[in-house]
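Colleague: My request is simple: use the sequences and hints to build the entire structure.
So you can see what is in the structure, the chains are spelled out below.
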Amino acid sequence: MKNPAREKFLPLLSPYVDGELSPEERQQVEQHLSNNKESTAQVADFRAGDALIRHALEMQADQVDWKDFTDGVMGKLTPEKLPFFERMKLTLSEMYLYQRGPLVAGFVGATAAVAIAVPVSISYASQAPQGYAATKMQVQTVSVEDNALVKPVVMETDDGDAVIWVVESKTNEGGSDGGKKKKDGENSEESEAPPKPGQKEGEL
Amino acid sequence: MSASFALAEDPKVPVQAEVVFASTEAGTVDPALVKMRDTLAPKVKYLTLKKLDSRKLVLVKNKIETIALPNAKTAELSLDKVENDVATVKVKVPPTDATYKLAREKVLYVQGGEHKGGQVWLLLSQPQ
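If you're matching them up, the sequences are chains A and B in order. FYI, the numbering for the first sequence is 1 to 204, going by the working numbering. FYI, the numbering for the second sequence is 1 to 128, going by the working numbering.
It is possible that part of the hints are untrue.
[Claimed, not checked] Straight line, CA to CA, 30 Å or less: simulated DSBU-like cross-link-like pairs of lysine-lysine: (1) 12/B - 43/B; (2) 73/B - 116/B; (3) 12/B - 45/B; (4) 12/B - 73/B; (5) 89/A - 76/A; (6) 136/A - 90/B; (7) 45/B - 136/A; (8) 35/B - 116/B; (9) 50/B - 73/B; (10) 61/B - 136/A; (11) 63/B - 136/A; (12) 2/A - 37/A; (13) 67/A - 81/A; (14) 73/B - 2/A; (15) 37/A - 8/A; (16) 56/B - 73/B; (17) 136/A - 81/B; (18) 61/B - 51/B; (19) 73/B - 92/B; (20) 73/B - 63/B; (21) 92/B - 63/B; (22) 45/B - 81/B; (23) 12/B - 51/B; (24) 35/B - 73/B; (25) 37/A - 45/B; (26) 136/A - 35/B; (27) 73/B - 136/A; (28) 92/B - 50/B; (29) 56/B - 136/A; (30) 12/B - 136/A; (31) 92/B - 136/A; (32) 35/B - 90/B; (33) 43/B - 61/B; (34) 50/B - 35/B; (35) 51/B - 136/A; (36) 45/B - 73/B; (37) 116/B - 92/B; (38) 61/B - 92/B.
By construction, these hints were calculated from the structure, which means they are not laboratory data.
Modeller: Now the structure itself:
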């Protein structure tokens with residue numbers, strides 16, 4: 001024999017168990033269950049089935065090794081590592097957003113330090129004693145004593161240094177001008193061939 | 001113009017003078033003289049370089065500063081002039097007499113004659 005009330009509430013029993021009904025529907029279903037043992041038994045079956053399924057799932061979950069689960073999930077969620085400048089930009093933007101005060105203060109301090117340090121270092125580096133403005137040693141004149149049997153040899157290096165050698169000479173080339181030799185200082189390397197120790201002129 | 005103002009205008013040029021013994025005989029090279037060895041190497045390969053004396057001189061016009069060399073010679077330095085912050089210095093190491101312009105962080109090497117089987121060099125540069 002058909003029960004019209006049961007047929008009406010039958011589709012609502014499963015949603016009732018799952019908690020998917022509105023409060024009004026839920027109240028109507030509970031009123032029906034209080035008068036209908038068959039529907040009450042069916043709701044009990046639904047709940048028992050749910051409990052079995054939940055228990056079975058929990059048993060399955062216990063058998064799974066969850067040790068690396070978090071790392072695995074996060075590894076899939078974490079995007080590829082950003083390029084260095086992107087990371088810096090992101091870091092700075094976050095710092096500017098959340099720590100604007102200290103960031104601005106630090107920037108101002110650093111700027112002030114640079115503004116002070118650069119001129120000081122430049123002035124320190126440019127400090128040279130008086131008379132040293134030239135960039136390379138320039139031998140202007142070289143002479144030897146009248147009766148000396150040597151002659152001077154001047155070499156200017158690529159580094160800007162200068163060397164004055166003395167070469168033995170078989171004759172006195174000094175003469176009345178004292179053997180004076182003038183250097184023009186224009187990229188000249190040597191005014192004479194340099195000597196080897198103990199070597200006389202003409203043996204070079 | 002007072003005399004004191006004129007004196008204040010007189011340029012004073014410091015010069016570092018170093019006396020070095022050099023020899024081609026095997027020996028040691030002072031670490032500070034490696035640059036000298038390398039500078040002279042194309043012409044003479046000194047295997048021994050030893051600093052015998054080092055002093056800072058302050059040159060002023062009309063005053064000769066002397067440096068005694070170990071081979072009984074005496075080197076004489078004097079300031080000739082300063083133009084555009086470039087000093088011209090006279091250096092006399094018998095039998096040679098030279099004038100040269102100072103340069104920043106550069107060195108003038110002047111051969112000073114024989115000494116104990118080697119040679120004496122006078123190095124003139126900007127004081128550190």
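Colleague: Now look at each hint and say whether the structure bears it out.
Modeller: Comparing the hints with the structure gives:
1. 12/B - 43/B: Roughly 35 Å separates the two Cα atoms, so the pair is violated.
2. 73/B - 116/B: Distance of about 14 Å is within 30 Å: holds.
3. 12/B - 45/B: violated (36 Å)
4. 12/B - 73/B: Holds, at about 26 Å.
5. 89/A - 76/A: holds (24 Å)
6. 136/A - 90/B: holds (16 Å)
7. 45/B - 136/A: Satisfied, since the Cα-Cα distance of roughly 24 Å is no more than 30 Å.
8. 35/B - 116/B: Within the cut-off at roughly 23 Å; holds.
9. 50/B - 73/B: Judged against 30 Å, a Cα distance of about 18 Å means the pair holds.
10. 61/B - 136/A: holds (22 Å)
11. 63/B - 136/A: Since the Cα atoms of residue 63/B and residue 136/A sit roughly 25 Å apart, the hinted pair holds (cutoff 30 Å).
12. 2/A - 37/A: With Cα atoms ~14 Å apart, residue 2/A and residue 37/A stay inside 30 Å; holds.
13. 67/A - 81/A: Holds. Residue 67/A to residue 81/A sits at ~24 Å (cutoff 30 Å).
14. 73/B - 2/A: Since the Cα atoms of residue 73/B and residue 2/A sit roughly 141 Å apart, the hinted pair is violated (cutoff 30 Å).
15. 37/A - 8/A: holds (15 Å)
16. 56/B - 73/B: holds (19 Å)
17. 136/A - 81/B: The hint holds at about 17 Å.
18. 61/B - 51/B: holds (28 Å)
19. 73/B - 92/B: Holds. Residue 73/B to residue 92/B sits at ~10 Å (cutoff 30 Å).
20. 73/B - 63/B: holds (19 Å)
21. 92/B - 63/B: holds (13 Å)
22. 45/B - 81/B: Since the Cα atoms of residue 45/B and residue 81/B sit roughly 35 Å apart, the hinted pair is violated (cutoff 30 Å).
23. 12/B - 51/B: holds (26 Å)
24. 35/B - 73/B: Holds, because 25 Å separates the two Cα atoms, which is no more than 30 Å.
25. 37/A - 45/B: violated (119 Å)
26. 136/A - 35/B: Holds: residue 136/A and residue 35/B sit about 16 Å apart, inside 30 Å.
27. 73/B - 136/A: holds (28 Å)
28. 92/B - 50/B: Holds. Residue 92/B to residue 50/B sits at ~22 Å (cutoff 30 Å).
29. 56/B - 136/A: Since the Cα atoms of residue 56/B and residue 136/A sit roughly 20 Å apart, the hinted pair holds (cutoff 30 Å).
30. 12/B - 136/A: With Cα atoms ~20 Å apart, residue 12/B and residue 136/A stay inside 30 Å; holds.
31. 92/B - 136/A: Given that 30 Å is the threshold and the Cα spacing comes to 20 Å, the pair holds.
32. 35/B - 90/B: holds (24 Å)
33. 43/B - 61/B: The given pair, whose Cα atoms are some 35 Å apart, is violated under the 30 Å limit.
34. 50/B - 35/B: holds (13 Å)
35. 51/B - 136/A: holds (23 Å)
36. 45/B - 73/B: Since the Cα atoms of residue 45/B and residue 73/B sit roughly 24 Å apart, the hinted pair holds (cutoff 30 Å).
37. 116/B - 92/B: holds (21 Å)
38. 61/B - 92/B: Answer holds: residue 61/B to residue 92/B is near 15 Å, not above 30 Å.
Hints 1, 3, 14, 22, 25, 33, counting from the list given before, are not met by this structure.
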